[in-house]
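Engineer: If you want the building blocks of each chain, they are given just below.
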Amino acid sequence: MSADHATGAPPLRVMIVDDEAPARQLLREYLETYHRERQGEGGVEIAAECANGFEAVKRVAEAPPDLLLLDIQMPKLDGFEVLELLDRDLPVVFTTAHEEHALRAFEVHAVDYLLKPFSYARFVEALERTVERRRQGQPPPRPVPQRPPGTFMERILVREEGEIVVLPVARLDYAEARDDYVLLKAGEREHLKQQTLTSLEEALNPRRFVRIHRSYILNLDRLRKIELYAKDSRVAILPDGSRLPVSRSGYSRLKELL
Amino acid sequence: MHPILAHRRRLTLYLWAWLPVGFLLAVLAVVSGPGAVPGAAGEGLGWWLALALTVPPTVAYGLLNLSSWYLCRTLPLGSLRPGEENPSVLRLGLAHFLAAGLSTFMWLVLGVLWARLLALLPWPSGLAAAPETFAALFPLFVAAGVLLYLLAAAVHYLLMAFEASRAAEARALESRVLAREAELRALRAQINPHFLFNSLNSISARIGSNPPAARHMCISLADFFRGSLQAGAREAVTLGEELALAERYLEIEEARYGERLRLRREVDPDALQLTVPPLILQPLVENAVGHGIAHLLEGGEIRLTVEQRPEAVVIAVHNPRDPDAPPSRGAGIGQNNVRNRLERRYGDGAWLAVSATVDAYRAEVHIPREGVSR
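So the sequence lines, in the order shown, correspond to chains V and W. With the working numbering applied, the first sequence has no gaps in its numbers, which climb one by one up to 258 at the end. With the working numbering applied, the second sequence has no gaps in its numbers, which climb one by one up to 632 at the end.
It should be emphasised that the hints constitute simulated quantities derived from the structure, not laboratory data. Just so it is clear, CB atoms sit at the ideal spot from N, CA and C, and this is done for glycine as well. There could be a bad hint or two in this list.
Residues of chain W clear of chain V, computed beta-carbon distances all greater than 10 Å [what the hints assert, rightly or not]:
| # | residue |
| --- | --- |
| 1 | Leu378 |
| 2 | Met418 |
| 3 | Leu487 |
| 4 | Arg514 |
| 5 | Arg518 |
| 6 | Leu554 |
| 7 | Asp580 |
| 8 | Tyr619 |
Restraint ranges, calculated between C-beta atoms of paired labels, are given here [claimed, not checked]:
| # | chain 1 | residue 1 | chain 2 | residue 2 | range |
| --- | --- | --- | --- | --- | --- |
| 9 | V | Glu256 | W | Gln566 | 53 to 59 Å |
| 10 | W | Pro469 | V | Leu183 | 55 to 61 Å |
| 11 | W | Glu559 | V | Glu100 | 51 to 57 Å |
| 12 | V | Val165 | W | Pro469 | 54 to 60 Å |
| 13 | W | Ser613 | V | Val165 | 27 to 33 Å |
| 14 | V | Arg178 | W | Arg567 | 56 to 62 Å |
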């Protein structure tokens, strides 16, 4: 007798993330049907239903599912931003009415990409692809969210003590390198994010954010003036009076933009 | 462009038309008096002489009279362009009679030269009398010259009117085609495919658990699309119809967003019968949902207001928005559609104004009062 007989397989735990109730209902129905049909093989179980990205991030942290059925267009956090915030690798199937994100979904190694409205058969195909991956023990590849060329990050996401801070880039005054973290200064508030300053620089629009120094990225809108401080060393002065060092290469980058 | 010279077929036809005039003149010459054309009563040579003296100069006169167009153009009968003053009847008559006299004089000179040329021909000998015969026919030629000139001028005026009306027709047709094209383009842009896909997904979701709701949604969707297409094909709709279409749209979106989408209507009931260009409200409502409500976790209320002011009717869509939402792309398409439609209909008289605060957005259409009454 084989020990790993199919009936012994645990159910596939699936989390539904969609801001539209009818879309969640459809996924629930499809999953229930699938469960009835494949009970012998373990079937599926609905781990959670989330109406927005925040909920999804929270529920994944509490109890990670085996599969994420993820909508892309959602308020506050879109599907890709949810993935960026997850602290673990999860197989993802995107469900969306927008075909234009398919390339990006492929880049974050989504298991599948379902275009709404999709049929039950097409849905089963996506689930089976997931099951197949799981059986082969393939670790789901690490998603590396990438943006389409020519577009830039518009919101910076920071996890802070179980909370998610969404910081629109327009509100960022400057970013400062702090070892493995970057300190994000936005008005009175400061946030620490585990990221390198260089990777942040790459994600931001170079016409609006300038690496003025090895350790600083400045939001151009916040630059009030540049003062010569000593020979070849300058400081950038912000409206609130803060002073940031400007390196020689940083100064030439600034001059190019101004 | 000369209306006759510019077209080879017209020119041929025109010159052919002068041939019978030449024959008629020959007949008149023969019958205008015994002895006017020697031998006409007898051997028939007089007929030849009459034909030789009248037909070729008449056709040449036809050519000469093509120039009357230049005078006709400078002195149009009933100006076709507004703002231009019509020439007075006196000036018109005087100019044309002078031109008629000049043309006739030139014709006579031509005739004399032609008669001399005929006399020089060795055969037939009967033509030797051509110069004297022509001199005897002077009164006839003078009368015919003036009349024929006036006739040619009339023909030119007629052709000018014909061409002008044809050009106006072509312009009207062209502007209709352009308007239609713009309408179609607008409609194509307006019927957002993602709206359709998401609605179909909502229908698909309801089919299993709530078939009547699914059917209801199919019907709403069909009503909305039919309404859009019909409205798009019309010049104007009532504000009531326009509001109904926008509400149909919102009803479908409500099935997707549920509690998150709420609608408040503050409409002056007297305004419902006013007429507006079609599809000015729906694109604004679509923006309010797509760029406002869709980005809010808890959704919000869309407010439709119609207000009658002394000088204008103001139709506005208000919606809350997420202060942190990235700058929206695509809101401009719908707004441009509305702007184009307003401009085509009212010129500068109507406009779309948008204003945004941190957490609210408002799009307002101003239409002048005189533009909306039935």
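Engineer: Now tell me if each hint is right for this structure.
Structural biologist: A quick look at each hint next to the structure:
no.: 1; hint: Leu378; result: 88 Å, holds
no.: 2; hint: Met418; result: 57 Å, holds
no.: 3; hint: Leu487; result: 22 Å, holds
no.: 4; hint: Arg514; result: 5 Å, violated
no.: 5; hint: Arg518; result: 8 Å, violated
no.: 6; hint: Leu554; result: 6 Å, violated
no.: 7; hint: Asp580; result: 7 Å, violated
no.: 8; hint: Tyr619; result: 15 Å, holds
no.: 9; hint: V:Glu256 / W:Gln566: 53 to 59 Å; result: 55 Å, holds
no.: 10; hint: W:Pro469 / V:Leu183: 55 to 61 Å; result: 56 Å, holds
no.: 11; hint: W:Glu559 / V:Glu100: 51 to 57 Å; result: 30 Å, violated
no.: 12; hint: V:Val165 / W:Pro469: 54 to 60 Å; result: 44 Å, violated
no.: 13; hint: W:Ser613 / V:Val165: 27 to 33 Å; result: 29 Å, holds
no.: 14; hint: V:Arg178 / W:Arg567: 56 to 62 Å; result: 58 Å, holds
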